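So the sequences go chain by chain: A and B.
Just so we're aligned: 67 in numbering that gives the first Met the number 0 is position 68 of the first sequence, and the numbers increase by one with no gaps anywhere.
Just so we're aligned: 81 in numbering that gives the first Met the number 0 is position 82 of the second sequence, and the numbers increase by one with no gaps anywhere.
FYI, nobody ran anything at the bench for these hints, they're computed from the structure.
The structure displayed is predicted, hence computed values, not measured ones.
Where a beta carbon is used, it is the ideal one built from N, C-alpha and C, also for glycine.
Hints are all accurate, no fakes.
Covered by chain A, according to a simulated footprint, are these stretches of chain B (three or more residues, beta-carbon under 8 angstroms):
no.	segment
1	70-79
2	171-181
Which residues of chain B face chain A? A few of them, derived with a C-beta cut under 7 angstroms, are:
no.	residue
3	Lys166
4	Ala201
5	Tyr204
6	Met205
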Amino acid sequence: MSALAGWGDDYFWGAMVILRLFAVSLIIAVIIGLIGAAMKLSGNRLAQTIANAYTVIFRGTPELLVLLIVYFGAAVTLTAIVQSFDANVKFIDIPPFWAGAFAIALIVGAYMTETFRGAFLGVDSGHVEAARALGLSNFQTFVYVRIPQMWRLALPNFGNHMLSLMKDTALISVIGVEEIVFVAEMATTVTNKPFTMYIVVAFIYLCITTVITLAVMLLEKYANKHLVGGK
Amino acid sequence: MIFEFGLIFGSIPKMLTGLGLTLQLLLLSSFIGLVLAVITLLMRISGRWFLVAPAVVYIYIFRGTPILVQIFVIYYGLPQFEFIREGVFWPFLREPFWCCILALSLNAGAYVSEILRGGVLGVDKGAQEAASALGISKTQSFIYITTPIAIRLSLPAYSNDIISMTKATALASTVTLLDMTGVARTIVAQTFAPYEIFISAAIIYMVIAWMVQKGFGMLERRMSRYIKATR
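Produce the complete structure using the sequences and hints provided.
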C-alpha cells in the first residue's frame with residue numbers, strides 16, 4: 000500500500016467515523032421505524048396522518064437536501080435562540096456528526112416504518128389472539144409473540160435499508176465531518192493523485208457493504224432455520 | 000427568527016432554472032441507464048460465464064458503493080491519467096455535467112438490470128413451455144412472450160428506482176453543477192435562510208416524485224388491463 004503514501008491511518012480513522020455514524024443512525028432509525036409503524040397501525044387518525052406525512056416527505060426528498068436542512072436549520076435556530084440571551088454570539092452549530100446521524104436516521108426511519116408496518120401485519124393474528132387467551136399482557140405479547148415473528152419477515156428489506164444507510168454516510172463529508180471522502184480530498188491536495196485516493200474510498204465502502212450483505216444472509220439463514228424440513 | 004414567505008416566492012423562479020438541469024440529468028441518465036441495464040441483463044441471463052462474470056462484477060461494484068463516491072472518482076479521479084486527458088472523451092469528461100450523467104447512468108444500469116432480472120425470473124414457466132410446444136424459437140419466445148410480461152412485472156420497482164434517481168440528481172450540486180439543489184445552496188449562502196429555501200426545493204422534488212409515481216401507476220394499470228378483464 001505504498002501508493003497510499005502514509006494516508007493509511009487517516010483512512011482507518013475515517014472508516015471508524017462512518018462505522019460509528021452507521022451504528023448511531025441505525026439505532027435511531029430503528030426506534031423511529033418502530034414508533035412510525037406503531038402510529039400507522041394504531042386506530043388513531045391523527046397518529047396515522049402524522050406517520051403518513053412523515054414517510055411521504057422523507058421518501059420524496061433528496062438525502063442531501065434533508066442533511067442540509069437539518070444541519071443549517073439547526074444552526075440557524077440555535078443561533079437565534081442563543082442570540083436572544085446573549086447578543087454577542089455570532090454563530091452556533093450542532094456538531095456535524097450528530098446532525099448527519101439524525102438526518103440519515105430520519106430518512107432511513109421512513110423506509111423502516113414501511114418495512115416494520117408490513118412485517119407486523121404479516122404476523123398471524125391467531126397467534127396474538129392465542130397470547131391474549133393465555134392471559135399475556137399487551138407488553139408480553141409484543142415482546143414474546145410479535146417481535147420474534149416480525150423480525151424474520153422484516154429482515155430482507157431491513158438488510159437493504161442498512162445498505163442504503165451505509166451508502167448515505169458518504170454524504171456527511173458535505174457538512175465537513177472528517178470521514179473517508181474528506182480524507183481523500185485532503186490526500187488529493189497533497190499527493191495530486193485523485194483517482195487513487197477516491198478509489199480507496201470506494202473500496203472501503205465495497206468491503207463494508209459486502210460484510211453487511213453477508214451478515215444479513217447468515218441472519219436470514221438463522222431466521223428461517225425452523226422452515227427447513229427435518230433431515 | 001421568522002419564516003419569510005416572501006423569500007420563498009422570490010426564490011422559486013431562480014429554483015426553476017435549476018429544475019431544467021435536474022430534469023435533464025434525470026431523463027438522460029435514466030435513458031442511458033435503461034440501455035445499459037438491458038445489455039447487462041442479457042449478459043447476465045446468457046448463461047455464458049465470460050458474459051455473466053463481467054455483468055455480476057459491474058452490478059456488485061456499482062450497487063456496493065455510494066453514488067457520491069462514484070461521481071468523485073469520475074469527476075476528480077479520472078483526470079489523474081494522461082491517456083484520459085489526451086483521449087477523445089476528454090471534452091466530455093472535463094464537464095461536471097457529463098461526469099454526473101456517466102455516474103448516474105452506470106448506477107441506474109446496475110440497479111435497473113437487477114429489477115429487470117427479477118421481472119424475467121417472475122415470468123411463469125408455463126408460458127415459455129407453451130411457446131416451445133407451439134414451435135416458437137427461443138429468441139422469438141423471449142421477445143414476444145417473456146419481455147412484455149417481464150416489463151409489467153418490473154414496473155413498480157422501476158418507478159421506485161426513477162424516484163431514487165431523482166433524489167440522486169441532487170448530488171450533482173457537489174461537483175459545482177447548478178441543478179435545483181445547487182441553486183438552493185447558492186441562495187442559502189447569500190440569504191442564510193436555510194428553512195425557507197431548502198424546504199421549497201424539497202417540495203419541488205416531492206412533486207416530481209409524486210408525478211413519477213402517479214405516471215407509472217397509470218402505465219401499470221394500462222398494462223395489466225388484460226388481467227382485470229378476466230374477472
